[in-house]
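If you read the protein sequences in the order shown, they are chains S and G.
So that you can map any letter, position 159 of the first sequence is 159 in this note's numbering, and since no number is skipped, the others follow by simple counting.
So that you can map any letter, position 172 of the second sequence is 172 in this note's numbering, and since no number is skipped, the others follow by simple counting.
Derived by calculation from the structure, the hints in this document are not laboratory data.
Since this is a predicted model, take the numbers as computed values, not measurements.
Incorrect hints may appear among the rest.
Listed next, the in silico SDA-like pairs over lysine to any residue satisfying Cα-Cα at most 25 angstroms (straight line) [to be verified]:
id	chain 1	residue 1	chain 2	residue 2
1	G	Lys256	S	Thr73
2	S	Lys105	G	Asn54
3	S	Lys194	S	Pro151
4	S	Lys80	G	Ala187
5	S	Lys105	S	Tyr122
6	S	Lys111	S	Ser132
7	S	Lys105	G	Gly106
8	S	Lys105	S	Asn45
9	S	Lys105	G	Gly89
10	S	Lys120	S	Thr73
11	S	Lys80	S	Gly99
12	S	Lys111	S	Tyr122
13	S	Lys105	S	Gly156
14	G	Lys256	S	Lys120
15	S	Lys80	G	Tyr75
16	S	Lys105	G	Ala253
17	S	Lys105	S	Ala189
18	S	Lys80	G	Phe163
19	G	Lys256	S	Asn45
20	S	Lys80	G	Tyr215
21	S	Lys105	S	Ala116
22	G	Lys256	S	Trp44
What follows is the residue order along each chain.
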Amino acid sequence: MLKNSVDKFKKVYDKSVRNYLLFFTLTILSISVASAAGVSTPYWNTNPLKLGPGESIVFSLGLQNMVGDENITLRANLTKGYEIARIIDANTDYFVPIGSSDDVKVNIEVKIPENAELGKVYGLEASFLQVSGGGGGGFFSVASAFTQRIPVEVVGETTESAVYGQKPSKNYAVYMVLALVILGIILVAVNIKKRRR
Amino acid sequence: MKRGEILVLCLVVALLIAPTISANIFSDFWKDFRARITGEATTGTASLNLTVGNTAPTISFVLAVSAQNPLESGYRSVLLNFTVNDTDGSSNVNLSSARARFNRTGESNRDNFTCANIGSGGTGQTFTCNVSMYYFDELGVWTINVSARDNEAASIENSTSNFTFNLLTAMVISPTALTWPTLNLTATNFSSNNDPVLINNTGNSANGTINQTAYNLRGETTTTQFIFAGNFTTGNVTDGCGAGINTSIMANATSKQLNGTNFSKGNNSLSYVNQTSGQEQIFYCLRGVPQDVTGQSYSSSFYGSWVVEIIV
Numbered sequence: 001m002l003k004n005s006v007d008k009f010k011k012v013y014d015k016s017v018r019n020y021l022l023f024f025t026l027t028i029l030s031i032s033v034a035s036a037a038g039v040s041t042p043y044w045n046t047n048p049l050k051l052g053p054g055e056s057i058v059f060s061l062g063l064q065n066m067v068g069d070e071n072i073t074l075r076a077n078l079t080k081g082y083e084i085a086r087i088i089d090a091n092t093d094y095f096v097p098i099g100s101s102d103d104v105k106v107n108i109e110v111k112i113p114e115n116a117e118l119g120k121v122y123g124l125e126a127s128f129l130q131v132s133g134g135g136g137g138g139f140f141s142v143a144s145a146f147t148q149r150i151p152v153e154v155v156g157e158t159t160e161s162a163v164y165g166q167k168p169s170k171n172y173a174v175y176m177v178l179a180l181v182i183l184g185i186i187l188v189a190v191n192i193k194k195r196r197r
Numbered sequence: 001m002k003r004g005e006i007l008v009l010c011l012v013v014a015l016l017i018a019p020t021i022s023a024n025i026f027s028d029f030w031k032d033f034r035a036r037i038t039g040e041a042t043t044g045t046a047s048l049n050l051t052v053g054n055t056a057p058t059i060s061f062v063l064a065v066s067a068q069n070p071l072e073s074g075y076r077s078v079l080l081n082f083t084v085n086d087t088d089g090s091s092n093v094n095l096s097s098a099r100a101r102f103n104r105t106g107e108s109n110r111d112n113f114t115c116a117n118i119g120s121g122g123t124g125q126t127f128t129c130n131v132s133m134y135y136f137d138e139l140g141v142w143t144i145n146v147s148a149r150d151n152e153a154a155s156i157e158n159s160t161s162n163f164t165f166n167l168l169t170a171m172v173i174s175p176t177a178l179t180w181p182t183l184n185l186t187a188t189n190f191s192s193n194n195d196p197v198l199i200n201n202t203g204n205s206a207n208g209t210i211n212q213t214a215y216n217l218r219g220e221t222t223t224t225q226f227i228f229a230g231n232f233t234t235g236n237v238t239d240g241c242g243a244g245i246n247t248s249i250m251a252n253a254t255s256k257q258l259n260g261t262n263f264s265k266g267n268n269s270l271s272y273v274n275q276t277s278g279q280e281q282i283f284y285c286l287r288g289v290p291q292d293v294t295g296q297s298y299s300s301s302f303y304g305s306w307v308v309e310i311i312v
């Protein structure tokens with residue numbers, strides 16, 4: 001009788017646990033108050049990076065951590081445009097301490113092919129995922145990420161890109177040689193004229 | 001020169017000089033005469049104001065301002081130097097009159113009305129100004145307007161310079177850990193009990209999209225059991241449960257744009273919790289749980305945090 005009662009109770013209890021008590025999350029292991037990060041860029045959809053065929057440039061994106069209450073690490077990745085661009089830093093996990101305002105740089109090199117068609121716009125996308133700090137350590141946590149679109153336009157003659165990056169210098173040797181040749185011709189001509197007199 | 005010619009020359013000179021001399025003589029005579037008759041004073045003092053023409057100052061130099069990055073949730077102090085010249089002398093420049101203003105159509109002006117004088121040279125005075133550019137100020141080219149006055153209130157202004165305010169994509173999300181009340185297997189449409197997740201746009205990117213990447217939740221004890229990402233919906237309304245136009249059904253390891261959400265720039269301190277204040281909120285809903293799971297805790301710790309992604 002007693003055994004039957006216990007079995008019956010156990011059966012009901014198991015069913016209750018089975019069907020009704022699903023402990024989804026009762027405890028939070030640790031909670032970060034907020035997740036904060038920022039990425040600054042000199043180029044955006046209406047202000048594209050402009051480069052000529054065969055030209056290259058290295059420019060930087062700045063990482064910020066001005067609001068959060070802990071150091072963070074952002075993992076950078078080029079998700080589009082890798083046929084013309086690459087992150088040149090050896091480690092693409094960027095440690096961004098509290099209070100950083102563009103102190104941490106992500107250096108990206110862009111190389112336009114010699115045969116690139118004028119007017120073509122390459123779509124570059126740099127993604128940043130917060131891999132440490134900020135994200136909640138609880139059972140169900142949320143982290144932040146950014147994807148920055150940077151258009152790269154192929155133009156005939158570049159004008160402003162050097163403001164933000166280290167643009168390769170043009171080859172002025174040809175112009176100098178040409179100037180020397182012209183100077184030489186003038187000198188020779190003057191000399192001949194003097195001799196004739 | 002003949003004698004006759006000399007005579008004619010003297011006559012001409014005499015004719016030229018005579019009226020002037022006679023005018024003075026007769027003038028004095030009549031003044032004296034009138035004074036004697038009327039008793040009017042013959043001498044007196046009079047104050048005399050002479051206005052010498054003032055030349056307005058000029059702005060001869062405005063230091064170029066390089067492109068500036070916004071500062072996350074704060075302001076960037078932009079330093080600006082300019083020189084005011086005055087041909088009436090540098091001391092004629094009003095040292096408390098120098099102002100700097102950054103302006104852009106559709107945006108609030110950013111001013112400094114108390115630029116500091118940092119020195120003089122020749123006919124010029126040089127001023128330095130710190131102008132604060134806020135994190136929600138629009139990206140693009142801003143016009144630099146500088147002005148000053150001299151001590152005679154003649155003013156000058158110059159708006160020929162500009163600078164570029166760059167793009168900053170930034171956010172603060174809170175809270176970063178979500179909880180649910182204890183659920184039973186028959187439960188449907190259960191909202192998180194500590195949502196919404198508030199997203200503050202702490203940069204100046206506008207019209208960005210908000211995506212969410214969800215992952216299956218694995219059992220903490222029985223690791224072969226899961227609550228699938230597809231059991232959740234996410235949206236920007238309190239009744240985020242269900243598959244309405246403002247909710248999105250999640251899928252495991254898949255970035256999904258959140259319907260009805262918007263990532264706009266704005267002053268977060270206004271706390272309107274809408275686009276005006278650069279804020280957006282996300283609600284999380286568990287539509288139901290698989291019927292074969294057992295009572296235990298399920299978490300994101302194995303497959304990783306769900307990711308709120310801003311795409312600009």
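Going through the numbered hints above, which ones does this structure break? Give me the numbers in ascending order. Of the numbered hints given earlier, those the structure breaks are 2, 3, 4, 6, 7, 9, 10, 11, 13, 14, 15, 16, 17, 18, 21, listed in rising order.
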